[in-house]
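Fit chain B to the given chain A structure using the hints.
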Amino acid sequence: MASRRPIRWHIVVFLAPAVLVYTAIMIFPLFNTLRLALFTEVDNVRHFVGLENFRTLFGDPRWSESFWNALGNNFWFFFIHMLVQNPIGILLAAILSHPRLRFAALYRSAIFIPTILSFVIVGFAWKLILSPIWGIAPGMLDAVGLKFLYAPWLGKEEYALTTLSLVSVWQFVGIPMMLIYAALLTIPEEILEAAEVEGITGMSAFWKIKLPLILPSIGIISILTFVGNFNAFDLIYAAQGALAGPDFSTDILGTFLYRTFFGFQLQLGDPHMGSAIATAMFAIILVGVCIYLFGIQTRMRRYQF
Amino acid sequence: MRHLTLTGALLAGTALAAPALAVDLTIESWRNDDLTLWQDKIIPAFEAQHPDIKVTFAPSAPAEYNAVLNSKLDAGSAGDLITCRPFDASLALYDAGHLAPLTDLAGMENFSDVAKSAWTTDDGSATFCVPMASVIHGFIYNKDAFAEVGVAVPATEAEFFAVLDAIKADGSYIPMAMGTNDQWEAATMGYNNIGPNYWKGEEGRLALIAGDQKLTDEAWVAPYRQLAKWGDYLGDGYEAQTYPDSQNLFTLGRAAIYPAGSWEITGFNAQADFEMGAFKPPVQNAGDECYISDHTDIAIGLNAASGNAEAAKTFLSWVASEEFASLYANALPGFFSLSSAPVTLEDPLAQEFVSWRGECNSTIRSTYQILSRGTPNLENETWNASAQVIKGAESPEDAGARLQEGLASWYEPQM
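For the record, the sequence lines run as chains A and B.
Mapping the first sequence onto the numbering used here, position 155 (from 1) lands on 155, and the numbers just tick up by one.
Mapping the second sequence onto the numbering used here, position 1 (from 1) lands on 1, and the numbers just tick up by one.
Honestly, the hints are just simulated from the structure, not real lab data.
Glycine included, each C-beta is placed from N, C-alpha and C at the ideal position.
It is possible that part of the hints are untrue.
From the derived model, a few chain B residues whose C-beta atoms are all more than 12 Å from chain A [unchecked claim]:
{"no.": "1", "residue": "ASP40"}
{"no.": "2", "residue": "GLU218"}
{"no.": "3", "residue": "ALA286"}
{"no.": "4", "residue": "ASN384"}
Restraint ranges, calculated between C-beta atoms of paired labels, are given here [what the hints assert, rightly or not]:
{"no.": "5", "chain 1": "A", "residue 1": "MET82", "chain 2": "B", "residue 2": "SER125", "range": "55 to 61 Å"}
{"no.": "6", "chain 1": "A", "residue 1": "ILE113", "chain 2": "B", "residue 2": "THR121", "range": "52 to 58 Å"}
{"no.": "7", "chain 1": "A", "residue 1": "PRO114", "chain 2": "B", "residue 2": "THR156", "range": "40 to 46 Å"}
{"no.": "8", "chain 1": "A", "residue 1": "ARG55", "chain 2": "B", "residue 2": "ASP95", "range": "56 to 62 Å"}
{"no.": "9", "chain 1": "B", "residue 1": "GLY392", "chain 2": "A", "residue 2": "PRO61", "range": "24 to 30 Å"}
{"no.": "10", "chain 1": "A", "residue 1": "SER109", "chain 2": "B", "residue 2": "LYS143", "range": "52 to 58 Å"}
{"no.": "11", "chain 1": "A", "residue 1": "TRP76", "chain 2": "B", "residue 2": "GLY392", "range": "53 to 59 Å"}
{"no.": "12", "chain 1": "A", "residue 1": "TRP68", "chain 2": "B", "residue 2": "GLU405", "range": "14 to 20 Å"}
{"no.": "13", "chain 1": "B", "residue 1": "PRO101", "chain 2": "A", "residue 2": "PHE294", "range": "58 to 64 Å"}
{"no.": "14", "chain 1": "A", "residue 1": "ASP43", "chain 2": "B", "residue 2": "PRO348", "range": "48 to 54 Å"}
{"no.": "15", "chain 1": "B", "residue 1": "ASN269", "chain 2": "A", "residue 2": "ILE113", "range": "37 to 43 Å"}
{"no.": "16", "chain 1": "B", "residue 1": "SER125", "chain 2": "A", "residue 2": "PRO61", "range": "34 to 40 Å"}
{"no.": "17", "chain 1": "B", "residue 1": "ALA58", "chain 2": "A", "residue 2": "TRP76", "range": "36 to 42 Å"}
{"no.": "18", "chain 1": "B", "residue 1": "SER112", "chain 2": "A", "residue 2": "ILE113", "range": "36 to 42 Å"}
Output of the computed footprint for chain B on chain A, the stretches with three or more beta carbons under 8 Å from beta carbons of chain B [as the list claims (entries may be wrong)]:
{"no.": "19", "stretch": "142 to 156"}
{"no.": "20", "stretch": "190 to 198"}
{"no.": "21", "stretch": "236 to 243"}
The following block holds chain A by itself, in its conformation from the complex (with noise of 0.2 Å):
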């Protein structure tokens, strides 16, 4: 009979750090959001009410039409990360890593460094620009003689969350410019060079060598994005406020939360349908985040080099 093998004690030890600060910080909290959801508080005193609070959420008119059109405005936040923000990120690491580039380094640090930057500056800084009043936008299209095209974007309806969601993507273009061009970096100079043999050489080496070879990055990028987006709240408190103006066009899930859970002015704040929305959001995100696990990312073709 062979000797048992002892306990390894020391894997345990190790572990015990990480597992109980992630516990206490992140899955207590998250369980018990959960749990505050199936709640409601009349006098004082809480009661339990199973499902009632989502009943609520999207069975009655005001409440629901809050949410599907936080919902709505949301997935319009994303749309324009998407559509604008990630392929201008891959843009600018194509320029980058071009070898003949010059101040290359010089261009990454500047355009990265919105990243670093609190969502209260960026929030306050771009509203001083887009002021009518005081902002330099008007002057600035008067200058090349467009001013016609101003308009004072962040209170009107129609353009108010396009508007935020460009300043986002100003703000957050960086990151996808990083992991590209990490990518791009990783890619051998002998598969580049075999096809340069083979005649495929500048923006064909592009679109048939390079972009199947980050695509898993791109992806990586997507789902960054998907979470990034569905989370945010501070960048449309800092413009807008609470209230997510004007006529509620800005408002995403993430303030929705926020007014409700806090409350808002003489509105007193419902952690139990707070909790409720919150649990929605998180259920909307586990949704997106399995989609690309087992949808997207099992079926991506993989390289060897």
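Below, chain B without anything else, positioned relative to chain A:
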């Protein structure tokens, strides 16, 4: 040597003892504009009489105050003294046991029942905050601009729009400084400023609470009809103009009229270098009885969980005193004392505002008592509706119908 040690020990003893005796009180407030006034005038005046109590004024941003305060109270980390919003926000805190009852506090006898109404339970059995001040709505105007354009202070609706047209035609001033970006100005300085003349102040407000009037009635839609005309007289891009933008436009002398609350007076006195005057909301026809919004706005209460309740009560009794009333009203012209003690105001602009109390009937903002208890919240909906109406995105009738539908969805007397 021994002598030295003794002195050292004594010194150390006194050094340690002094702070140990003093009680620290922290005040939660949304009035971050008043930070210097509290630090330089009010708190030193109190501490001079009570050297054993140290008071710290710790304000947060107005729009976040209620949310921040509720979270702090639930977490047990709120200050000893709580600045009270009027009506339901504070009533909910009292019902939840966060505010201590102050009915028997020494000094409470200095306030009338009306003054205390915003911080008293529905049945009138308990008062939980010491009333500090009310604010009055009206319009502040640039006297130089009026003289330049050659217009006089308007008293009626028709005169009001004639003045606006004249300033617009003259072209050197923006007729009126207001934006819809932050939404609340449209409701607070717009709808609730001019509205009382239409719904006849308390009469209409109480009828709405009783369910005898509806928000679709002419008295409640008419103010929206006025607001709908305002959009033409606001500055370029007013849709994205924020509250501080409007304040700056006026104090820099670029706009002629500012729809105001009296709380602006202190800031405007410091910023503007032209002479300012004020006029009350215009009435429909000359000679009509006038109504003003004289809103019970601010009070101060005791955190029930405070460990320094005795010291805090000493402070609250001082707040209820005549000395505080005079100190506060003159340090903050525009916040009019609710105390029965007569206070003379030195600021002419503030004196103009407070003089309307003698000429017109006072009321409070229509949405504050009871009507904002449910979801959708009538006050927040009114912000949205007022901004939409000014922008022309919603007709006055539609706005009234939408608010009525929202109110009727939860408020029994309106169903």
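Hints versus structure:
1. ASP40: Since the minimum Cβ distance to chain A is about 28 Å, ASP40(B) lies beyond 12 Å and the statement holds.
2. GLU218: Holds, because the least Cβ-Cβ distance between GLU218(B) and chain A comes to about 25 Å, which exceeds 12 Å.
3. ALA286: Consistent with the label, ALA286(B) stays out of reach of chain A, its closest Cβ about 36 Å off (over 12 Å).
4. ASN384: violated (6 Å)
5. MET82(A) / SER125(B): 55 to 61 Å: Because 59 Å falls inside the window, the suggested range holds.
6. ILE113(A) / THR121(B): 52 to 58 Å: Given about 55 Å between the Cβ atoms, the range holds.
7. PRO114(A) / THR156(B): 40 to 46 Å: Violated, since PRO114(A) and THR156(B) (Cβ atoms, about 53 Å apart) do not stay within the stated range.
8. ARG55(A) / ASP95(B): 56 to 62 Å: Given about 27 Å between the Cβ atoms, the range is violated.
9. GLY392(B) / PRO61(A): 24 to 30 Å: 26 Å Cβ-Cβ, so the 24 to 30 Å window holds.
10. SER109(A) / LYS143(B): 52 to 58 Å: With a Cβ separation near 54 Å, SER109(A) and LYS143(B) satisfy 52 to 58 Å, so the hint holds.
11. TRP76(A) / GLY392(B): 53 to 59 Å: Taking Cβ atoms as reference, TRP76(A) and GLY392(B) lie about 24 Å apart, which means the hint is violated.
12. TRP68(A) / GLU405(B): 14 to 20 Å: holds (19 Å)
13. PRO101(B) / PHE294(A): 58 to 64 Å: holds (59 Å)
14. ASP43(A) / PRO348(B): 48 to 54 Å: For ASP43(A) and PRO348(B) the Cβ distance comes to about 50 Å; the hint holds.
15. ASN269(B) / ILE113(A): 37 to 43 Å: holds (42 Å)
16. SER125(B) / PRO61(A): 34 to 40 Å: holds (38 Å)
17. ALA58(B) / TRP76(A): 36 to 42 Å: Check passed, 40 Å falls within 36 to 42 Å.
18. SER112(B) / ILE113(A): 36 to 42 Å: violated (59 Å)
19. 142 to 156: Satisfied; 6 residues make the cut.
20. 190 to 198: violated (count 0)
21. 236 to 243: holds (count 4)
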